[in-house]
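Use the sequences and the hints to build the structure in full.
Each chain, written out:
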Amino acid sequence: GRFGRYGGQYVPEALMPALEELEDAYGRYVLENEDGFLEEFHRRLDDFGGRPTPLQRADRLSERYDTEVYLKREDLLHGGAHKLNNALGQVLLAKYMGKDRIIAETGAGQHGTATAMAAAHLGMPCTIYMGERDINRQRPNVFRMKINGAEVQPVTTGRGTLKEAISETMRDWAATVEDTHYVIGSVVGPHPFPSMVREFQAVISREARAQVQEKTGRLPDAVLACAGGGSNTMGSFEAFIGDDDVDLYAVEAGGSSLSVDEEAGVAPNSATLSTGGEGVLHGARTKLLQDHHGQIMESHSVSAGLDYAGVGPELAALADEGRVTAANVDDDAALEAFHRLSTDEGIIPALETAHAFGYLKQRQDELGDLVVVTVSGRGDKDLETVIEETEKREIGNAPDMSLFSGGLR
Amino acid sequence: GRFGRYGGQYVPEALMPALEELEDAYGRYVLENEDGFLEEFHRRLDDFGGRPTPLQRADRLSERYDTEVYLKREDLLHGGAHKLNNALGQVLLAKYMGKDRIIAETGAGQHGTATAMAAAHLGMPCTIYMGERDINRQRPNVFRMKINGAEVQPVTTGRGTLKEAISETMRDWAATVEDTHYVIGSVVGPHPFPSMVREFQAVISREARAQVQEKTGRLPDAVLACAGGGSNTMGSFEAFIGDDDVDLYAVEAGGSSLSVDEEAGVAPNSATLSTGGEGVLHGARTKLLQDHHGQIMESHSVSAGLDYAGVGPELAALADEGRVTAANVDDDAALEAFHRLSTDEGIIPALETAHAFGYLKQRQDELGDLVVVTVSGRGDKDLETVIEETEKREIGNAPDMSLFSGGLR
Amino acid sequence: MSRPDATGAVGTVANDEALAAAFAGEPAFVPYLAVGDPDYESSLAYVEALARGGADVIELGLPFSEPIAEGPTIQGAIVRALEAGMTPERFFAFVEDLDVDVPLVCMTYYNLIYQYGRHSAPDGEDGDTEYEAAAGDEDAEYEAAAGEGGPRAFVERAAEAGLSGFVVPDLPAEEAGPLREACDEFGLDLIFIVAPTTRGERLDRMRELVSGYVYVQARLGTTGARTDVSDRTEESLARVADWEVPKAVGFGIADGEQAERIVAAGADGIIVGSALVDIVAEGVENGDDADVVADRIEAKARELKAGARRGRE
Amino acid sequence: MSRPDATGAVGTVANDEALAAAFAGEPAFVPYLAVGDPDYESSLAYVEALARGGADVIELGLPFSEPIAEGPTIQGAIVRALEAGMTPERFFAFVEDLDVDVPLVCMTYYNLIYQYGRHSAPDGEDGDTEYEAAAGDEDAEYEAAAGEGGPRAFVERAAEAGLSGFVVPDLPAEEAGPLREACDEFGLDLIFIVAPTTRGERLDRMRELVSGYVYVQARLGTTGARTDVSDRTEESLARVADWEVPKAVGFGIADGEQAERIVAAGADGIIVGSALVDIVAEGVENGDDADVVADRIEAKARELKAGARRGRE
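Those sequence lines, one after another, are chains G, U, Y and Z. Note that the UniProt record's numbering numbers the first sequence so that position 183 is 198, with each residue one more than the last. Note that the UniProt record's numbering numbers the second sequence so that position 46 is 61, with each residue one more than the last. Note that the UniProt record's numbering numbers the third sequence so that position 268 is 268, with each residue one more than the last. Note that the UniProt record's numbering numbers the fourth sequence so that position 98 is 98, with each residue one more than the last.
What the hints contain is simulated information worked out from the structure, not anything from laboratory work. Quick caveat: nothing in here was measured; it's all calculated off a predicted structure. Fair warning: there could be bad hints in the mix.
What the hints assert, rightly or not - Each computed DSSO-like pair below joins lysine-lysine, with the alpha-carbon atoms no more than 30 Å apart:
{"hint": "1", "chain 1": "G", "residue 1": "Lys-230", "chain 2": "G", "residue 2": "Lys-376"}
{"hint": "2", "chain 1": "U", "residue 1": "Lys-376", "chain 2": "U", "residue 2": "Lys-230"}
{"hint": "3", "chain 1": "U", "residue 1": "Lys-110", "chain 2": "G", "residue 2": "Lys-230"}
{"hint": "4", "chain 1": "U", "residue 1": "Lys-376", "chain 2": "G", "residue 2": "Lys-230"}
{"hint": "5", "chain 1": "U", "residue 1": "Lys-376", "chain 2": "G", "residue 2": "Lys-110"}
Shown next, in the form of structure tokens:
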């Protein structure tokens, strides 16, 4: 449960037995494949989820940047993002553990929809906690959860965003821990979640590593992945960690600025790896955006899915060690990259994903001859935001939005 | 170009040379694989599109209906529907033909988005015609097209729906036919479109036939696919046509009623195979919804993608021959099936797709022991409609919509 | 000029020499209007105004709900006519009501021709039964009930109404066999459109089937008035130069000057639709009296006819 | 009762026997309030009212922005306190300002303990500099500047302020080593929460680390007043029956009757938070004077204390 100085289990005592039980189940089913868990997991990931996802050469970006650019297409996973890898793994594990209810928190709604889908697929009742403000920003995702039969619990405390939803889910868990499994959505939280979620997401890089060698005969010079909590990042890096010549870039949300406003308790970014300090949040010691007292800051990103004040402890440790390079890209560059990938490659990426492509553009000359970028999700969920945010700025390569002056409706 | 009494080329003379040129190119590149067209097509379908799509056992439906139900997951194709198979094929063919511009029509927006994606992927300028009314009903899809760099041309004539958009696209083509390729979105229109689109979509059933044998060791008793124009249907059936023991069911939209209102020129359904008469529309002789004068009726379905007054000529011929059974399912049953698949299997289907599942429910006892149903697309695009239409009805298995009384925003 | 094997038998009033004759003298002016636009009575007045203005042949549009070959102007006329209740049977009644002395050609889409008389349950109100009664053919009725469509019934009725021929924009030579046969049976002409893209074998095929006149499409695209005359007009005319039928050029002719240039380029006649429909549309928009609009149409017809004449000088 | 190896050296005013002593006589009443809710001055009055009402120990909540173990009631109090500007340094000032004669326990989340004194740029305004000055330890200052957090500075300051111990709801025994060590160094108690799910080895581990008293969680879930007393309370008490520290039961105790039942079930004391915070929240909502609210709090405290006493009879 430790990654250098990070990790651990900073949770109420009532949850500790559940974490011990989960650690035991994770060891037996996931690491040791007891009862054929892994076969079932991978069969369902393939048939229900659509794995393996392709590794696609990006013809026009490769030409534009004079670098071989390959895309790991997690946007094609069922639900539209890499989130299902983890959600399906955990819901299945909960089933093996004999749990009979699933809870999860969600910010942008991607983890919530993935969990609701996985729970419906496996016949598990499911409650998703979501901040009221996020519910209003992400109504289509809320509806998808409800359509999949999940109960969606609005969280009205605080600003009504991800941070509050996590706290609220922990509260539910504290009361129901004996028969309920909490599906944490990223490589965050108390041990064994960071390891377990990374293990479920590692399928991304295990596939990508084999695919890139098959297509190009070699390993890439660099792997780029956007980083919020870090599940996409850790999943995209895991199989390459031992390949010392493969540079790993975790691209965080630079937001509107890397500065912070302590008075207001706001960091207008989510660049936790680059700018955060060590602390304890949501069950783990890791890097955080916090004020000097240790109160957690409100983070910000144009991409709701990166908008989190913490980051996975293992990723924080890898960044400290220098194995992973922490980078960040601001809102403007992410939007520009969103439009670039859409018009040049016919792939509308999630705004989270767009950050990785923003970095690719900025550092195209330094990343080597062969770069793999994970397309962590599709951008359908972000259309409304992209319209609004594009209108506010001068984005040279954006299409004319005049048809949409009234928004999507 | 003939399928029994159906098919042909009923188009303005100005377009005939283009059809001859297309027929020639289709024969050389697609049928005879000149210049390795098929390798490139399938490589791009795999890497860009995400093929092969899985064939998934639907565990809970299988139990519910006491029949082995397998799902062909075209909803996992890039763009969210089977439409890309055809769009990518045609845009690539246009490139091989030396065309330098793509046009297409779209109704619900699925074909338009697929074409815009394929055109962006292959670097072809692209204009999509779409009825003004459809634009207002399907704004997210319009935005996706624009984001992919396509020009979206609103069609203001008539009711501003698919029918008018097709006519308008034909007009553009009549003026630009020498350097422009018209990507027709279904197995409709003049020869060679019905054959060519079927051939591009046949990848669905070629994969499914191999997959179902691999998973179950046998061929299915029945294959079910929803039918609007018929591209999903023909794609889902093609490889099974020669398997006489495999029953093929084309499920059309029964709308609110199978009756027609000649006075108003409205058929409140799109059940062309079941209720239509022979006639000539949009370049082909086929079955149509028309009044006794031969004027085309306004069709209707809760599912915009099935809402078309014609049907592919080859499908009409197969239905006449009895090889394909024409069936239909009304709006209520389709909505019920939409909710069923969502809650039971964790797959939110397109409303088009839901019709096939509505039929599965109605005829569960008659379809045999092993049934393959094509999930032609995902339902994200239909959320708004589902909220509205579910609120209007008594759908027993629908989730509580109270969170959404204000719609998606 | 009709095809050699045309018979004109079967008691029709159509004159299969009428179209050829219309092109025999000076360059022909062939105007088009959508029948029933904006209403039956006005439309009668407008067509008669065309005749007074010097029309040599009149193309009467029977509106179809999906006019894929028309531009926005004529499409607008078709929508107005359909909304005012135009049907194939009313169209024939209109032809019979017309008091003009020039040959009339029906321009419509194939589905209306194909469906006519196929259904056995017409609505009495709009007089569809008339034809069934008039046809009085038990076999044909049975065929219709059995769902066998085809152009014969429509052509027979057209001949009876006094029409001289057809232009069917969505019926290329490849699909025209049955209609050609019916036209031959009832002595009507079948006009084909030669497009700027039509070349080689396609030309030969059409030349074999065409009668009355050939409609030379001046440029690519759909119908609609333009201010330029495409360079391609001369090329197109050259391709059909040795055909035995008269060559009428259409698509985009809007004024006398253009008419003059087209005829000077070698056309035997000019076909004008959108420029005339524009006048109807303007009248509808301004709420003008039908008389006033008819006068404007007549004046426009005179201008075009005069232009065509000048082209030959 | 403090652990045998606690020293209480290093010039602290904390009394490491204070908590044990508070449970020594009759059943202890241990109320909780969030410090600074709804403002500094009112909060002082409310805590003093608790003391007047018979509190034997008072748990003072230092508000943290992510209180994952709290229910909606205490969460509301924390939000109000943070909005009113409560900080760790003000919290210590508050403790020093308090005029009460009962031992005080700091209840907070680990990040605030961990961060304290780590940053070298406190804002003078709220008195953060005080600690830096008071500490006067060059090494500690260097450590803080280098970003090495840890509980030592916080515990030292707490001892100086006169606190007797800590309850840290997100710090299980596994992570409690450094805090336990610092508490030992400065003579403070570290209270652990035993949950209904705590069994076997986990109990042993906590028993080894706990001092002051053990907080027995009456039911699963988060803090919050309830009308029922869980059956699990007795089970939980049984699990810690042979521990040498007093057993205080909390979670869901709302009135004197419940307090009575809990003590009758074997508890050495009762912990009550939400029922008291409810009174504060009601006062805020109704805009009541702090004096009036303080009286209500004192009355509620008396009721609970009386209930606890009855439980022992």
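*If any of the earlier hints don't hold here, list their numbers in rising order.*
4
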